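Visitor: With the hints as constraints, model all of the structure from the sequences given.
Sequence order for the protein chains is A and B. Counting along the first sequence from 1, when you hit position 115 you're at 115 in my numbering, and nothing is skipped either side. Counting along the second sequence from 1, when you hit position 185 you're at 677 in my numbering, and nothing is skipped either side.
The set of hints was computed from the structure by calculation and includes no laboratory data. Each hint should be verified, as a subset may be incorrect.
[Unchecked claim] In the DSBU-like style, the derived pairs of lysine-lysine whose C-alpha atoms are separated by at most 30 angstroms in a straight line are: (1) B:539 / A:47; (2) B:950 / B:927; (3) A:22 / B:748; (4) B:841 / B:897; (5) A:87 / B:841; (6) A:320 / A:367.
[To be verified] Sample of chain B residues with no beta-carbon within 12 angstroms of chain A, all distances over it, derived: (7) 516; (8) 571; (9) 685; (10) 812; (11) 939; (12) 958.
All values reported here derive from a predicted model rather than from experimental measurement. Here a beta-carbon is modelled for each residue, glycine too, at the ideal position from N, C-alpha and C.
Number of protein chains: 2
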Amino acid sequence: MSKKLTPRAEDYSKWYNELVVKADLAENSAVRGCMVIKPYGYAIWEKMQATLDKMFKETGHQNAYFPLFVPKSLFEAEEKNAEGFAKECAIVTHYRLQTDPDRPGKLRVDPEAKLEEELIVRPTSEAIIWNTYRNWIQSYRDLPILINQWANVVRWEMRTRLFLRTAEFLWQEGHTAHETKAEAITEAKLMNQVYATFAENFMAMPVIQGVKTESERFAGAEETFCIEALMQDGKALQAGTSHFLGQNFAKAFDVKFANKEGKQDHVWATSWGVSTRLMGALIMTHSDDFGLVLPPSLAPNQVVIVPIYKSEEEFESISKVVNTIVSNLREQNISVKYDYRDTQRPGAKFAQHELQGVPIRIAIGPKDLLYGTVEIARRDTLTKEIVSLNDLTATVKQLLEAMQKSLFAKALHYRDSHITEVDTFEAFKTVLETKGGFISAHWDGTNETEAKIKELTKATIRCIPLERNEEHGACVLTGKPSKYRVLFAKAY
Amino acid sequence: MSKKLTPRAEDYSKWYNELVVKADLAENSAVRGCMVIKPYGYAIWEKMQATLDKMFKETGHQNAYFPLFVPKSLFEAEEKNAEGFAKECAIVTHYRLQTDPDRPGKLRVDPEAKLEEELIVRPTSEAIIWNTYRNWIQSYRDLPILINQWANVVRWEMRTRLFLRTAEFLWQEGHTAHETKAEAITEAKLMNQVYATFAENFMAMPVIQGVKTESERFAGAEETFCIEALMQDGKALQAGTSHFLGQNFAKAFDVKFANKEGKQDHVWATSWGVSTRLMGALIMTHSDDFGLVLPPSLAPNQVVIVPIYKSEEEFESISKVVNTIVSNLREQNISVKYDYRDTQRPGAKFAQHELQGVPIRIAIGPKDLLYGTVEIARRDTLTKEIVSLNDLTATVKQLLEAMQKSLFAKALHYRDSHITEVDTFEAFKTVLETKGGFISAHWDGTNETEAKIKELTKATIRCIPLERNEEHGACVLTGKPSKYRVLFAKAY
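Guide: The following block contains the structure:
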């Protein structure tokens, strides 16, 4: 398999698929729509997890674990939620295999081992969790409950793509219970803000915070907050959602509490989640035709060092210097890998680390030893410079910080230059087809108009931005009055 | 529900179940045999995970993630493995629900959405992983592969108990691929040693390393290494296993590599795992009739501070001192929680922290402010002492270290005094029924004798210890010659 990627300009989708596989991030498995997350890809996900987990704990949340399966009778209790997920559920119906009498050495499902009630492999855990919360909550003293779960979920998708849409994916799902509506809404907004902070400060990916229209809302939610990002091909990607669930699940599962006045009331709920889809967003925000580009904050190895040598003596002299460099960098909490493999030539190593997006590559050869220098290559700009060994740690540290900022600035510039205000449907269609990106337009607020625009253009309302100007306008399709602009885009 | 536990001496099994629920570790769910791991229980599991994960990485392993589902044709490829797990598999047969025409608002399995091939919810991942490794391995340069996965697995158990035996459980499973038989055996032994180190140094739980007899081996393994612990009721518990899988999976999935001489050979394999079962082992090794006792190394909160006050002013004066204590302790990497809840009286807090096994409880009241002291209560011995504020950080640090050692020493003393050598079958039965624990006895090495002893006494061979004396003896049942003693016990 050639190391070279199809250029983005030629076929963005092909470029993405090749990159994911060639950079050793993930691959398709023998199970339809399920992926294998390879060690390098998983190491990036682990960094995301660790960062988010810390942010959740700092905002008062605790982790717990609930069952993988949801009995059908619980699954269907909240009707809107059930209806929303019914068409994509994996269903366990039997609990035993037996020897197949017709095929020696092979197995078949034991027809005697049919479950009395089918089990749904969780597509999301509201049902099983709210059925549990019923026993945990009696009084206002038991509230709030602020719980998060790291788990796998399954949604049977017909068209799948590595990280972006897979039948099984990894995610976290927060599920909180509150005394009042106001407190629950505050929580849903707070967690959407946590996602935005994570996306911008760690993924270096600018996002727009907003709320979803009714038709794009989570099944069972009263309001869905979201963060929306823009990929390099001008398509939007929903990167995280946080739902205010009202009392819907509390009513479906009969979860009541005695408030301070001793009166019984249903509990207010939120849920919020981000998934391995963020890996797709990260890849598509920064990477280039040479491969992955990673923000230093999420790179498993921020620095890789490649020795250039001919003899064993040269290698030993170089390694002595490298050991000092490594320990100096580690002292500054910079993750660094010394790539001393003797099965690969330096050129092959350079290509691999470029493909895998290591932010800084340091090369050191006999001449560097002589002059007390190294060569530093920067992944985002692909520029190289010679640096004195004396300044190396400080230089690397500054460079990593600069790269993190620069990647964000570049993505922000792209995003901001791809939000186009339009006031006619002709302009809407032209911008969508020629430039892409977000289209900021007036909408009359009806499901019908939203559906019609989607039918005509494939663009959907990504969100009603939280930060928006009140302005009187006319719906881009119907001309009916509108009070603010919303953001349309084609989306992943 | 009363806070008081059934005493161990009265009903050990009841004591265990009550403790798990009342200490907020876990509870049964609406799904048969599946548990909910509550935040406090999960926090302990997270500490176990973090420690093990670090140990795996230090021994060169990387994490990855493989699909939850195994297509039946892959599952049955390694026949012994498939046969071993066939009777306890959850099986997905359909991928969609639909509205039930007979019950408005309810759902049923869509008969049209039957999978062509059934999917097994992984009971273990050798099949799906070795099917993947086939594409990763061409030459000796691709070896070794040293991968671990943190995941949920499902084994349909008829009799379940929280943590000890549940239909779904959380675990880690290592899956490695090697050039040579010797290297794979070394790996399997190394990981068993890692488990032993973790059990002894962190869980403060002494273990015996050994190998399983043929009948107790993992389905598909050539050799199963294990660590065996002894619970307070004299029953043994298998705490971790590490398998040398030979070339069985490589042959079943056709995984070959070109060795240094250019010849094709099948790859050698290991797999190894520990699970949330360790939570049960931890609980049963140290806890007492008052509740959970936790080794400081795995306690989510090593220290809890309870203020004793009448007025708001007293509370404020106390809180000032506590803030200093907290920051001093945290500086020493001691985890500490200030329990300032005003919804609970100090007595209720004391009872809760005792039940939940917080190693050190510090109480501080107005008199302590006057004298510059606090009261320290130690969970393992239930002793209290007055300590000067000046010495507090050092005292706490020493105490935590002492408790960690003392818990291990106590468990080791119990374990060692419950390994009994017997030379007759009468003595075997008497010791088993009156004293319990491990019975060290000669065995003729046959499956038949092992099965007969199990049938007669319910005791099984827990392991053939790695450290054993070669000595000529006679099998405790048949009198046939034997070269070393093995360890029998009743087991969880």
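Visitor: Evaluate each hint against the coordinates.
Guide: For each hint, the structure was consulted:
1. B:539 / A:47: 17 angstroms, holds
2. B:950 / B:927: 15 angstroms, holds
3. A:22 / B:748: Answer holds: residue 22 of chain A to residue 748 of chain B is near 22 angstroms, not above 30 angstroms.
4. B:841 / B:897: 27 angstroms, holds
5. A:87 / B:841: Answer violated: residue 87 of chain A to residue 841 of chain B is near 48 angstroms, above 30 angstroms.
6. A:320 / A:367: 15 angstroms, holds
7. 516: 10 angstroms, violated
8. 571: Nearest chain A Cβ is 6 angstroms from residue 571 of chain B, so the label is violated.
9. 685: 23 angstroms, holds
10. 812: 23 angstroms, holds
11. 939: At about 22 angstroms from chain A, residue 939 of chain B clears the 12 angstroms cut-off, so the statement holds.
12. 958: The assertion about residue 958 of chain B holds, with a minimum of 31 angstroms to chain A.
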